[in-house]
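Engineer: For the record, the sequence lines run as chains A and B. Numbering-wise (this note's numbering), the first sequence opens with residue 1 and increments by one. Numbering-wise (this note's numbering), the second sequence opens with residue 1 and increments by one.
To be clear, the hints were calculated from the coordinates, so they are not data collected in a lab. One should not assume that every hint holds.
Claimed, not checked - Straight-line distance between alpha carbons at most 30 Å, and here's what the computed DSBU-like set of lysine-lysine pairs gives:
{"#": "1", "chain 1": "B", "residue 1": "101", "chain 2": "A", "residue 2": "38"}
{"#": "2", "chain 1": "A", "residue 1": "152", "chain 2": "A", "residue 2": "38"}
{"#": "3", "chain 1": "A", "residue 1": "152", "chain 2": "B", "residue 2": "101"}
{"#": "4", "chain 1": "A", "residue 1": "114", "chain 2": "A", "residue 2": "152"}
{"#": "5", "chain 1": "A", "residue 1": "114", "chain 2": "A", "residue 2": "145"}
Computed from a predicted structure; not experimentally measured.
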Amino acid sequence: MSQQPTTENAGSRREDSGRQPPYLYPDYVSTRLRAPEKPLIILPKTLSDTTGPAYGRGPVGELDHDLTRQHAGEPLGERIIVHGRVLDGDGRPVRGNLIEIWQANSAGRYTHQKDQHPAPLDPNFSGAGRCLTDGEGRYRFITVKPGAYPWKNHPNAWRPAHIHLSLFGEAFRSRLITQMYFPGDPLFGQDPIFQSVRDPEAQRRMISTFDLEATEPEWALGYRFDVVLEGRGATPMERA
Amino acid sequence: MGAGYTPSQTIGPFFHDALLDRDRSELVARDHRSATQIRGAIYDGAGEVVTDAMVEIWQANPAGRYDDPEDDRGDLPLDEDFTGFGRSGTETGEFSFVTLKPGPVPGPDGRPQAPHVMVSIFARGLLRRLVTRLYFPDEPDANAADPILSSIEDPALRDTLIARDEGDALRFDVRLQGENQTAFFEL
Ligand SMILES: [Fe+2]
Chain A
1 MSQQPTTENA GSRREDSGRQ PPYLYPDYVS TRLRAPEKPL IILPKTLSDT TGPAYGRGPV
61 GELDHDLTRQ HAGEPLGERI IVHGRVLDGD GRPVRGNLIE IWQANSAGRY THQKDQHPAP
121 LDPNFSGAGR CLTDGEGRYR FITVKPGAYP WKNHPNAWRP AHIHLSLFGE AFRSRLITQM
181 YFPGDPLFGQ DPIFQSVRDP EAQRRMISTF DLEATEPEWA LGYRFDVVLE GRGATPMERA
Chain B
1 MGAGYTPSQT IGPFFHDALL DRDRSELVAR DHRSATQIRG AIYDGAGEVV TDAMVEIWQA
61 NPAGRYDDPE DDRGDLPLDE DFTGFGRSGT ETGEFSFVTL KPGPVPGPDG RPQAPHVMVS
121 IFARGLLRRL VTRLYFPDEP DANAADPILS SIEDPALRDT LIARDEGDAL RFDVRLQGEN
181 QTAFFEL
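Work the whole structure out from these sequences, hints included.
Structural biologist: Here's what the structure looks like:
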């Protein structure tokens, strides 16, 4: 058998670099009872993970990308355009790929039942959207800037403003759920979820940039957020 | 490895309206003649059931073909109605899927892999998804020869990947920590 011992100790190759978060990050208290303790088993590439659900199949409604037009009126808050490209590690566009997003309203409150933050709900904002990337890997959402919100991780803990994103990429191995932050947020330093990514360059890749070109005069501020996903990474040998 | 990739962040507790607004847990109709139900609970390190996770599955069809252009083995049939993708929450204390048992698929070095389902787990407290695999209890020979299963030296850890037959369903409980922790993979 040509395969070599397939476990690793002391975390994994990803988290050692600080470019991906570790499973166990004690400052983020919920990781303590949920992070696996045994070494991960290295999975060689096979068709099982170099294929995947691009998930362009579920119907995407014409207004699903516009979170400001899902109700009778317009939501309160700062209207923003969030756009960017989804690329694989070689810089190739990821086309026709489903992106799902969710976020708090401009007061920092989710419509979710379990959100107990005593900030107002907005009857004109649900905070969920989806779209497909185009032939260049581009996507575009219209929404309002989410507010910061408190949580119970530690005394006086606040999440920086963020939008949750879910992406499939080309393969099972490229699947990613992440959060997009806003430039210059003063809450980064005390947020263990953001800080769980230790490498400053990698942190920067989670922060959108203000985009004057995408900003529409007298209407909405533009933010750009590019996402880089793992590609299929299969070689002909491995596809035997 | 990982240079330039966008980092992962937790799914958090508030994803349900966005990700589970449509039921994607039934890959085939319940009354499909070959329907197989899979269900399981996720336990944290304190033995508590995790009720705010999202579980996704990805698998080949019964002929062993993945519904993706990357799997270009044209001699094997594709079934238009079977995508091989499913998603379930755990609000009831269990995730649940209705699917078809996949066929064997090629593995590393051309050795076949036993029928299996790829499983991703997302939850509050998981900064990255967990990846595991479900294997089938009625495939002892194929499981014994499976290159991934046989790369796991500890038999108890290996056995965490084999679902249990409960008669009307296959049970695949997942333990995040502890002595009986489920085997998780690094892709
Ligand atoms: Fe959030």
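Engineer: Out of the numbered hints, which ones does the structure contradict?
Structural biologist: Number 3 - this is the single hint that the structure violates.
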